[in-house]
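Trainee: Chains as they are written, first to last, in this note's numbering: chain A, 1 to 317; chain B, 1 to 271; chain C, 1 to 255.
To be clear, the hints were calculated from the coordinates, so they are not data collected in a lab.
This structure is a prediction, so every number in the text was calculated from the model and none was measured.
Be aware that one or more of the hints could be misleading.
[Claimed, not checked] With a cut-off of at most 27 Å between alpha-carbon atoms, the simulated DSS-like pairs for lysine-lysine come out as follows: (1) C:Lys136 <-> B:Lys43; (2) C:Lys78 <-> C:Lys108; (3) B:Lys43 <-> C:Lys146; (4) C:Lys5 <-> C:Lys108; (5) C:Lys146 <-> B:Lys138; (6) C:Lys136 <-> B:Lys138; (7) C:Lys78 <-> B:Lys138.
[To be verified] Per label pair, the in silico range of CB-to-CB distance: (8) B:Ser95 <-> A:Arg269: 42 to 48 Å; (9) B:His28 <-> A:Gln87: 51 to 57 Å; (10) C:Glu227 <-> B:Lys43: 55 to 61 Å; (11) B:Gly193 <-> A:Lys150: 46 to 52 Å; (12) A:Ile18 <-> B:Gly124: 48 to 54 Å; (13) A:Val297 <-> B:Ser95: 20 to 26 Å; (14) C:Phe11 <-> B:Leu213: 16 to 22 Å; (15) B:Pro22 <-> A:Asn71: 48 to 54 Å; (16) A:Lys150 <-> B:Ala264: 24 to 30 Å; (17) A:Glu13 <-> C:Lys229: 22 to 28 Å; (18) A:Gln87 <-> B:Pro22: 43 to 49 Å; (19) B:Pro268 <-> A:Pro110: 26 to 32 Å; (20) B:Gly35 <-> C:Glu227: 57 to 63 Å; (21) A:Lys150 <-> B:Gly124: 30 to 36 Å.
Quick reminder that beta carbons are idealized off the backbone N, C-alpha and C, glycines included.
Here are the chains, one letter per residue:
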Amino acid sequence: MATPSANTPTDQEIRQAIPQQIRGREARVGLFVLAGSIAALVTLYMLTDPATFRGRYFVTTSVESAMGLRNGDPVQMRGVNIGRVHQFDLTRSTSEVVVILEIEGEWGIPEGSRTRLVSTGFLGGRTVEVVPGTGSRVAPNTHLPGSVVKGLFDDADALGERGAAVLDRVNALLSDSTITALGGSIQDLQALLSELSDVTRSESGTIKDMIASLNRAAQGLESMTAAGPETGAELASAVTYADSLLQHMNRASVRLDRAAGSLEVIMARMERGEGTLGQLSTNDSLYHTLTATVESVRLLMVDLRENPGRYINLSIF
Amino acid sequence: MNGNNPSANTAMPVPLQAVLAPVGRVAHTVAVHAGEIAILLWKVGRAYTEFRVSVREIARQVYIIGVQSIPIVIVTAGLAGIVTSQQGGYQFTGSIPLYVMGSVVTQSIVLEMGPVLTAIVLVGRVGARITAELGTMKVSEQIDALYSVGRDPIEMLAAPRILAGIIALPLLVGIANLFGILAGMYTAELTMGLGQESFFYGARLFWHSWDLLYSLLKGVAFGFVIPTIAIHMGLRTGGGAAGVGLQTTQSVMFMTLTILIVDAMFPPLFL
Amino acid sequence: MIEYKGVYKAFDEPVLSGVDLRVESGEMFALFGPSGTGKSVLLKTTLALIVPDRGDVCIDNQSVHFGGRGTLARIREKVGYVFQYAALFDSLNVFENIRMGLPEATLKRMTEKEVAHKAWEALELVNLEPRMILSKLPAELSGGMKKRVGIARAIVGRPEILLWDEPTTGLDPVNTAAVERLITQLSEELQVTSLLVTHDVEGGLEMCDRVAMLEGGRLRFCGTPEEFKNSDDPVVQAFENRAAAYAAIDVLDVR
């Protein structure tokens, strides 16, 4: 049996038995903690661009509404970033927001400067623009007057309402029924025009023939009236009457020509979208009235062609 | 009980039983885990408050969990930054200014990929190791041996590791964020021609300092979750070597799932 | 003195069904039984490594399970536990393993040199050459050496009670005999109370002052070795005969 002997361990043997990595490990742990902390600080520095080691000063401005401006948004003067928004203060005034701007020391803001809050793009970013004055450099904590420049997308509600109203009117203008009605009116008027032209062409030939035959008839009657005084007087009055009728018909023919010309003008204007016909697009009752009128005129012209005698009473005896 | 078929349960229809029984088992398992973790944390808390945790052991664990993980964390974060930058550039159209890429990369890394990828990497590297180590100690009676020599395994094994995780992970997240952003920045410069100034202009445009704190808070939460679950699973190991293997696998799944759940809880709570 | 009072423990099924046993101070006591009868479970309840479902264990009239944390800590300081497979701490070398056997309060009062001397003595007590193994890791040791280092760790704090959980299991006959001799010598030199859980019936009967046998979760026998050998209980006889047969086979293998 081995008893506890005088064979005791030496210091070296004891040191060998005790693991020695501990101190080196603790140093590495310390370095790791430092490295991690420094990494976090460097990240923060890169992303917030603090002006810790640069001279900086503060100025203030006030606006009615900050319009979504945030801490850290840039402050620019003539397009150059000269600082950033530092803080907001709602307590100094009940009607305005005081914005505290942090300006880098190398940039001076002239006296008489003012600020404008502008949008920088459709993503909604904001910038405080300093419109420089002409004086000497302002002291720190100077207050600059401020204003807000509303961009296209700032007053979205009003814009939306206006847009909606315009869209409503365009919709009405372009509604299917209106387009169909307008198209129909245009077609009808075109048909009327061509019919009037046809009537004018065809009837003017007929009327000319009638005038020519009436002239011959009048000449024949003249020769007849020369044969006897009573017959001649009656014939003379009948001829005079026929003459006046012919003049009326001439005038009617001329008026028809003019009417066709006017209609042509009207059609051209309509096709160009001008004048009263614009009203047609918004007034269906006017269309219906017009349609009815057109229809009546058409019937009249048909009847005139088929039964010219109904409208021109020529009585010799 | 049916004498012919002792296992027949005539009280509940079989289909309903088939559905409810697994649910009941899972619920029971979850409750058991929750209770055991709660007891573990209570004992750990007691060890801290009684100052019975060795600072030297904490430092040793910070070394293992933190210092030795630096290379893999840097590589992972760097790759995350590269991928984010390239994929973001691929998706950008002409209507968005290119400097916005700076914000995309930075926010992606800081808010999400830095902490979460670091945690996932550590689940495999540290969490599995802790479970296997403690599981092996459990099946080879070393845990009992600690009790027999008057030592508390919770004070000696659990408490230092949990505190080391809470210390090390936020630091690793800080390192991951930095390298992820730098990698993204250089990638954007090389592939899209986005200059560094523009990159950082875009990064600062949408930056809040709170985002970094949010990122580090995630690191703290994950640094708590990983060792806690790993230790809990290790200490309940049984069944020899096969049991250690099984428990380690389950531990990795448990840690990963918990990290993703905790990650999902962060935005509604802190953003 | 160790006293087991109605110790009951069940896992999926009952393992211990109310064990009452008393081990007097200074005696060597062996606990036999077939595998799975709860011998190791009973031993672990002594130090609250396993908590019984019912019953209690008292050491020198102090309750292990109901005395509170402070009482348990004091009990653990005066009890050394030798595990079946040594249970050395893998990440610590032999010196650090043995150092763990000293109570924390004692360690705080000692220098590293004094601790090293203590470890040196403990290794010499278990017939190991300290110079050779003090800085080695457990993975570098043989099975027998691990067992002895485990014993050294258990005795370094000069405990009053030693609990041996199958100290010779897994060892070859030569090492078995050596460990048995060691157990006897240490018990005599250190004047400790020893409780052995063992499959080695022959060795146990030779070494111990009293023996007991667990069967079906209950104490089947408790008495002197002579009483055990002469027992009328057929279960005891059958167990003894089987044990003797296996012991003979082991001896024949060695030859």
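Trainee: A separate judgement is required for each hint: does it hold in the structure or not?
Mentor: Taking the hints in turn, this is what the structure says about them:
1. C:Lys136 <-> B:Lys43: Violated. Lys136 (chain C) to Lys43 (chain B) sits at ~33 Å, over the 27 Å cutoff.
2. C:Lys78 <-> C:Lys108: The given pair, whose Cα atoms are some 17 Å apart, holds under the 27 Å limit.
3. B:Lys43 <-> C:Lys146: Not OK: Lys43 (chain B) and Lys146 (chain C) at ~32 Å, beyond 27 Å, violated.
4. C:Lys5 <-> C:Lys108: Given that 27 Å is the threshold and the Cα spacing comes to 36 Å, the pair is violated.
5. C:Lys146 <-> B:Lys138: Answer holds: Lys146 (chain C) to Lys138 (chain B) is near 18 Å, not above 27 Å.
6. C:Lys136 <-> B:Lys138: The hint holds at about 22 Å.
7. C:Lys78 <-> B:Lys138: holds (23 Å)
8. B:Ser95 <-> A:Arg269: 42 to 48 Å: holds (43 Å)
9. B:His28 <-> A:Gln87: 51 to 57 Å: Given about 55 Å between the Cβ atoms, the range holds.
10. C:Glu227 <-> B:Lys43: 55 to 61 Å: violated (46 Å)
11. B:Gly193 <-> A:Lys150: 46 to 52 Å: violated (35 Å)
12. A:Ile18 <-> B:Gly124: 48 to 54 Å: Cβ of Ile18 (chain A) to Cβ of Gly124 (chain B): about 33 Å, so the range 48 to 54 Å is violated.
13. A:Val297 <-> B:Ser95: 20 to 26 Å: Violated: the Cβ-Cβ distance is about 57 Å, outside 20 to 26 Å.
14. C:Phe11 <-> B:Leu213: 16 to 22 Å: violated (49 Å)
15. B:Pro22 <-> A:Asn71: 48 to 54 Å: With Cβ atoms ~53 Å apart, the hint holds.
16. A:Lys150 <-> B:Ala264: 24 to 30 Å: violated (39 Å)
17. A:Glu13 <-> C:Lys229: 22 to 28 Å: violated (48 Å)
18. A:Gln87 <-> B:Pro22: 43 to 49 Å: Since Gln87 (chain A) and Pro22 (chain B) have Cβ atoms about 57 Å apart, the given range 43 to 49 Å is violated.
19. B:Pro268 <-> A:Pro110: 26 to 32 Å: violated (48 Å)
20. B:Gly35 <-> C:Glu227: 57 to 63 Å: For Glu227 (chain C) against Gly35 (chain B), whose Cβ atoms are near 48 Å apart, the range 57 to 63 Å is violated.
21. A:Lys150 <-> B:Gly124: 30 to 36 Å: violated (54 Å)
The earlier numbered hints that this structure contradicts are 1, 3, 4, 10, 11, 12, 13, 14, 16, 17, 18, 19, 20, 21.
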